[in-house]
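Chemist: Here's the letter readout for the chains.
2 protein chains.
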Amino acid sequence: MSDQNYDVLKLENQLCFPLYACSRQIIRKYHKYLDELNLTYTQYIAMLVFWEVRKINVKELGKRLYLDSGTLTPLLKSLEEKGYVRRYRSKEDERVLLVEITDSGDALREQAVTIPEKMNGCMNLTPEEAVTLYQLLYKALS
Amino acid sequence: MSDQNYDVLKLENQLCFPLYACSRQIIRKYHKYLDELNLTYTQYIAMLVFWEVRKINVKELGKRLYLDSGTLTPLLKSLEEKGYVRRYRSKEDERVLLVEITDSGDALREQAVTIPEKMNGCMNLTPEEAVTLYQLLYKALS
DNA sequence: TATAATTAAATTGTACTCAATCGAATTGAG
DNA sequence: CTCAATTCGATTGAGTACAATTTAATTATA
Chain G
664 MSDQNYDVLK LENQLCFPLY ACSRQIIRKY HKYLDELNLT YTQYIAMLVF
714 WEVRKINVKE LGKRLYLDSG TLTPLLKSLE EKGYVRRYRS KEDERVLLVE
764 ITDSGDALRE QAVTIPEKMN GCMNLTPEEA VTLYQLLYKA LS
Chain V
664 MSDQNYDVLK LENQLCFPLY ACSRQIIRKY HKYLDELNLT YTQYIAMLVF
714 WEVRKINVKE LGKRLYLDSG TLTPLLKSLE EKGYVRRYRS KEDERVLLVE
764 ITDSGDALRE QAVTIPEKMN GCMNLTPEEA VTLYQLLYKA LS
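Here the protein sequences line up with chains G and V, keeping their order.
The first sequence maps to residues 664 to 805 in the numbering used here.
The second sequence maps to residues 664 to 805 in the numbering used here.
Heads up, some of the hints might be wrong.
Which copy is meant is left open, because identical chains are indistinguishable; a pair holds if it fits in one copy or across any two.
Derived DSSO-like pairs (lysine-lysine); straight-line CA-CA distance at most 30 Å [to be verified]:
hint, residue 1, residue 2
1, K802, K722
2, K740, K722
3, K740, K726
4, K692, K802
5, K802, K673
6, K692, K754
Since the hints were derived computationally from the structure, they do not count as laboratory data.
Predicted model only: the values in this text are computed from it and were never measured.
With the hints as constraints, model all of the structure from the sequences given.
Modeler: This is the structure:
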């Protein structure tokens, strides 16, 4: 077996690697702007959901973000400490934890709205390429 | 400003999010196969480099993987404990830590070579789409 | 040639990420 | 009703990520 072809194991032949590296690269670029809002990237995408839906439980939030309670529980406690959300058990089902945005969390939206524009063009892709990338990623996620 | 348009902050309008979610999804799928080799995903991509170049210093490895010493130092210590690499200071420049694959690390390649095939098709993309995705990601990385 | 600047890793501290497990609440089959 | 199964979130532990700092070694310059 010493004539085995190992080309499939070359780093440059992996699709996973640029995906992983690119994901980390863009998150790193976000941090610069998110620091001003006292948010990490993961907290930011959680806030994106809260700005849209106002209130959601942990399970549903996890489905949207593809994250589980091991990640979300400490993250939501942190957002609560910052005053951006409040957490309370559902009266109908005590197992369910509801998380609702506060006025302070809502106010943050005004600052955050400039971020997407600032991030534009940070990726060296044409708008068409960005759309193609977006579509392929969502296809892969399905 | 209450008529501000917040559409740019919708989760579905972010390019970063599917990138981030997709990256984590594919890494999660790798774990199933990497567990058999006693490797994590990050350790696996480091081994991909070692299988190609045999020996490399931390700085150069970091450049290839877009990772810094904060991540690599504990990772390489772990690979050393497993017996897959050995670490030693360069004689020419004591600041440089050289990391070299061992026979045991080399033997692992035989098992790893089946992984790319097993991962094929796990992504719901045609081969052409995968190529397009690959090219866009590397363009974005540059 | 001292010493200032630079470089390479290691360390530190914060924050994920996720598999596995746990405990409490709820639901469902008999 | 009742107990087994399920569900929800929290917890735990291992392993990243990464910014910032530190330490040791090397190089450059006055």
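Chemist: Take the hints in turn and mark each one as holding or not.
Modeler: Outcome of the hint check:
1. For the identical chains of this complex, K802 and K722 are intra-copy neighbours only, at 23 Å inside a copy versus 36 Å across copies, given an alpha-carbon limit of 30 Å.
2. In this assembly of identical chains, the alpha carbons of K740 and K722 lie at most 30 Å apart only when taken from the same copy (15 Å versus 37 Å across copies).
3. For a Cα distance limit of 30 Å, the shortest separation of K740 from K726 inside one copy, 18 Å, qualifies, whereas the shortest one across copies, 36 Å, does not.
4. Taking the closest pair of Cα atoms, K692 and K802 come within 30 Å of each other both inside a single copy (25 Å) and across two copies (16 Å).
5. Taking CA atoms no more than 30 Å apart as the test, K802 paired with K673 passes in both settings, with 25 Å inside one copy and 19 Å between copies.
6. In this homomeric assembly, K692 and K754 never come within 30 Å of each other (Cα to Cα): the closest approach is 41 Å inside a single copy and 37 Å across copies.
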